[in-house]
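Asks: Using the sequences and the hints, build the whole thing.
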Amino acid sequence: MSQSLFDTDTVDKNAWHLQGNWGPVEKELESSELVVKGKIPEGLNGLYVRNGMNPRSGYSDHWFFGNGMLHGFTFEDGKVSYKNRYVKTPYYEKDLDIMSSFGDLSASPANTHIVKHAGKILALEEAHLPWQVDEELETIGVYDFAGKLNGAMTAHPRICPKTGELLFFSYSMIAEPYLTYYRVNATGDLIQVEPIELPRAVMMHDWNVTENHVVFMDLPIISDMNLAVETGSPFGFKPECGARLGVMPRDGSNSDVRWFEIDPCFVFHPLNSYEEGNKIILYVCKQKEAMVGGFQEVYGGDTTIGRLWKWTIDLELGEVKEEQIDDAACDFPRVDDRRTGLKTDYGYCMTLDTNAESLTLGNHAHKYDLVNNKRFTHDFGEECKRRRARICTKI
Numbered sequence: 038m039s040q041s042l043f044d045t046d047t048v049d050k051n052a053w054h055l056q057g058n059w060g061p062v063e064k065e066l067e068s069s070e071l072v073v074k075g076k077i078p079e080g081l082n083g084l085y086v087r088n089g090m091n092p093r094s095g096y097s098d099h100w101f102f103g104n105g106m107l108h109g110f111t112f113e114d115g116k117v118s119y120k121n122r123y124v125k126t127p128y129y130e131k132d133l134d135i136m137s138s139f140g141d142l143s144a145s146p147a148n149t150h151i152v153k154h155a156g157k158i159l160a161l162e163e164a165h166l167p168w169q170v171d172e173e174l175e176t177i178g179v180y181d182f183a184g185k186l187n188g189a190m191t192a193h194p195r196i197c198p199k200t201g202e203l204l205f206f207s208y209s210m211i212a213e214p215y216l217t218y219y220r221v222n223a224t225g226d227l228i229q230v231e232p233i234e235l236p237r238a239v240m241m242h243d244w245n246v247t248e249n250h251v252v253f254m255d256l257p258i259i260s261d262m263n264l265a266v267e268t269g270s271p272f273g274f275k276p277e278c279g280a281r282l283g284v285m286p287r288d289g290s291n292s293d294v295r296w297f298e299i300d301p302c303f304v305f306h307p308l309n310s311y312e313e314g315n316k317i318i319l320y321v322c323k324q325k326e327a328m329v330g331g332f333q334e335v336y337g338g339d340t341t342i343g344r345l346w347k348w349t350i351d352l353e354l355g356e357v358k359e360e361q362i363d364d365a366a367c368d369f370p371r372v373d374d375r376r377t378g379l380k381t382d383y384g385y386c387m388t389l390d391t392n393a394e395s396l397t398l399g400n401h402a403h404k405y406d407l408v409n410n411k412r413f414t415h416d417f418g419e420e421c422k423r424r425r426a427r428i429c430t431k432i
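Using the working numbering, read the sequence shown as starting at 38 and increasing by one per residue.
Rather than coming from a laboratory, the hints here were simulated on the basis of the structure.
Okay, derived cross-link-like pairs now, DSSO-like style, lysine-lysine, Cα gap no bigger than 27 Å in a straight line:
#, residue 1, residue 2
1, LYS120, LYS131
2, LYS325, LYS411
3, LYS325, LYS275
4, LYS411, LYS358
5, LYS347, LYS316
6, LYS64, LYS120
7, LYS358, LYS325
8, LYS76, LYS116
9, LYS74, LYS404
10, LYS199, LYS157
11, LYS153, LYS116
12, LYS185, LYS157
13, LYS358, LYS316
14, LYS325, LYS404
15, LYS347, LYS358
16, LYS199, LYS185
Replies: In structure tokens form, the structure reads like this:
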């Protein structure tokens, strides 16, 4: 195994992300017919795939780390079958760790997200190239859009429900350009590559897309490889660097970006964004700070927990209005994919435990009525720890 910047001798093998339904699955399995409690809704047919960290060793020093494993559920006429497969990248084949895989864009853990666009299924992780798999979840290989993508791809691209375009970005922790924007047409051709100027390298995990604009979040988790050597984490929260939102037309260039200052904070995941006249509305899970102590303090404690906020960017006045919508701790938000970048009445978030010393993902889901600013909460039971919601649409 390659040398890690983390001390694997001190790994807590009883950590939350190694327990219960978060725990690693030892083998690749297939089951032709799962036992169904209750009844599958009529008309719910197709393949549902989720991606997640699944360390081959059975443990990892952080919940970000571990080989990507795809879990596929096929729904057909009230029956459900299951299959899981590792994404067979160099990260898997050589049993690498996240830090030693930097420098090789193909050595992705491919463990964060999965997206289907233009007939291609891509497993994603933000520091490397995407990896293509087939509908049997078998690995095809690294995917670089016919050689046009020479940097990493975010794990949170957006597919426009109106045009079918795939929009994404990459950020660099080491060298300029620190941010690059990409646009792929509905047939899968990479048609735009646009470097975006930033004053420094920052962690940009997610972003915002509307019908006509993209919004970058230049927030003060600063990337510094010297920190990685000293502390094991390349990131640190530096509020003195300020925070900005960058608005650019979807087919625009670096010179078109308008930057708007906001209060220093961090956002791992926005809920949705849309246009309303000369304003852009963003709903985000905002934290006062994050990664103050590096990777081990992603969440944990009141100031590093996300809560739902609304940002209103006034393009005419050149200012941003910031409003807190709710006090409930939440993150990993989702809307109906058919409303991505468009106004939506409802959004869904998962709960976080504010009383835990470190991150504890909850067993409740919040449904937000964004029109009336109301929250509804569903309890999944003590034995269930849930992840991001997925809205299934009837065709």
